[in-house]
Structures are given as C-alpha cells and as structure tokens.
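Participant: If you count the sequence shown from 1, position 60 lands on 45 in the numbering used here, and the numbers rise without skipping.
Keep in mind the hints are simulated off the structure, nothing from the lab.
Certain hints may be false.
Have a look at the derived ranges for each label pair, beta carbon to beta carbon [said to hold, decoys possible]:
| no. | residue 1 | residue 2 | range |
| --- | --- | --- | --- |
| 1 | 63 | 182 | 54 to 64 Å |
| 2 | 76 | 131 | 45 to 55 Å |
| 3 | 109 | 88 | 14 to 24 Å |
| 4 | 188 | 217 | 36 to 46 Å |
| 5 | 165 | 117 | 32 to 42 Å |
| 6 | 54 | 165 | 20 to 30 Å |
| 7 | 127 | 153 | 20 to 30 Å |
| 8 | 150 | 108 | 24 to 34 Å |
| 9 | 121 | 17 | 27 to 37 Å |
| 10 | 187 | 135 | 19 to 29 Å |
| 11 | 17 | 126 | 40 to 50 Å |
For each residue, glycine too, the CB sits at the ideal point set by N, CA and C.
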Amino acid sequence: LTMMTVLKATPFALLAIVLSFCSTQILAEDVLHLTPDNYDFMTAGRTVLIKFYAPWCSHCKRMAPDWERLADDWKHNAVGLVAQIDCTSMEGKKLCTKYKVRGFPTVLYGDPTDLQEYEGGRTYNDLATFATANLKPLCSPSYLDLCDDDTKKELLELLEKSTDEIKELIKVEKKKLKDLGKEFRKSSKALEDQYNTLSKEKEDTIKEVRATGLDLANTILAFKEKKQASRSGGEL
-14 LTMMTVLKAT PFALLAIVLS FCSTQILAED VLHLTPDNYD FMTAGRTVLI
36 KFYAPWCSHC KRMAPDWERL ADDWKHNAVG LVAQIDCTSM EGKKLCTKYK
86 VRGFPTVLYG DPTDLQEYEG GRTYNDLATF ATANLKPLCS PSYLDLCDDD
136 TKKELLELLE KSTDEIKELI KVEKKKLKDL GKEFRKSSKA LEDQYNTLSK
186 EKEDTIKEVR ATGLDLANTI LAFKEKKQAS RSGGEL
C-alpha cells in the first residue's frame, strides 16, 4: 500500500484493507512449517505434499496464496498433509540438504521417508487436483492392510515393543549410520592420500627418466634421421 492510497481511503475501505491483510497473514501462519524436530511426528502415518521454499524467491511468493489455500483445505485431514519448509531458516536448511533441494520452490510428495518430486502445475487447481488424487493412505501402522507381508510383519513386531525399546533401537541404528559415515570418510581420505602418493611417484619417475637423457636422446635421434635423410636426397 502507498501512503496516498491510505490517505484517500474511506474508514470502511481502510477497515477492509486491514481485515484482508490480517486474514492473509493468519492463513500464511496456518501452513505447517516442518523442522527436524517435528518432521517425524507430524508426518507419521500420513501422505505428504511439501513445499521447500525461500522467502526471497519471487516464484515462491507468487505460489504462496495458492499453497496457503491448499493447506487450509487439508488442515483437518487425517491422511493427507500439506506443509512447507523454509530452506533459509537454520532448522529448515537441514531438511533441504537432506532431501537435496537445489531450487525454489521445490515440491515433494508421497511417503515421508521416500519423497518424490512433483512436476505438475503450480496453480491452486493443479495442486488441488493432484492432492486429491495422491494424498491417500499408504502402508503404515494405521493402514496395515496396505502393507506387503514382510513390512506388515516388521511393523507388528515394532508395535509390540515399548517406547523406550524403540528409542533404543533408533539410537543403535543411528549410531550405525554415524559410524558408517566416519568409516567412509576415513577410507576416502586413505584413497585420496594413496592417489596423491602415486601421482607424486609418477611425476618424480617422469622427471628421473627425462633427466637420464630421454629428452636428449629424442633430440639426437631426430637430428640423425634428418641428417641421414638429407644425405640420401630427402629419401627415408
């Protein structure tokens, strides 16, 4: 709003402007923001449609009203979840890195543990049509009948465990991943060091061979061949 617009507005027009602005802000704040702290809890057992964005992104700004409207449509749905992640926030960056987000806005959907890229249109109608067709129940503790036999068996075994047992299991598995990362970095460093050593040995050997007369020998050979050719009238 410009100052001139505000000054010319009637009291009722001003009230309408303020109410419109406030309703837009409230709607925007109603869109769930996911972070590493709430991601697992909020997405558990649900099929998701998530927008990864940056506040400064012009395409994100244009898309925002339609996304907010879509999120409002789904905010009371027990199966589908429409949410967003601010990739410029300290917490949001972690999730954006995890899901290898490269541009904005990026929309991913599906199983929260195996997100797929959405490549459809960005208007409300496009998004609403896609959400209705795809935000359906997936295999989960709430929908065991949608699971294959092996997954169902694994889920049932986990459901039999206590919360503390599951937390301990998660802790152990996360440690495995952490140790794997450390071992990978260690092995990568060893390979890098080996490569650097072999490269240096190669360069040193090349220098030694040339220093023992290879370059001079090539020069003398070329000289003799040229001289011989000259004596024979240019015939080799």
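Participant: Each hint needs a verdict: does it hold in this structure or not?
Facilitator: The hints, checked one at a time:
no.	hint	in the structure
1	63 - 182: 54 to 64 Å	60 Å, holds
2	76 - 131: 45 to 55 Å	31 Å, violated
3	109 - 88: 14 to 24 Å	21 Å, holds
4	188 - 217: 36 to 46 Å	40 Å, holds
5	165 - 117: 32 to 42 Å	40 Å, holds
6	54 - 165: 20 to 30 Å	43 Å, violated
7	127 - 153: 20 to 30 Å	24 Å, holds
8	150 - 108: 24 to 34 Å	47 Å, violated
9	121 - 17: 27 to 37 Å	19 Å, violated
10	187 - 135: 19 to 29 Å	51 Å, violated
11	17 - 126: 40 to 50 Å	21 Å, violated
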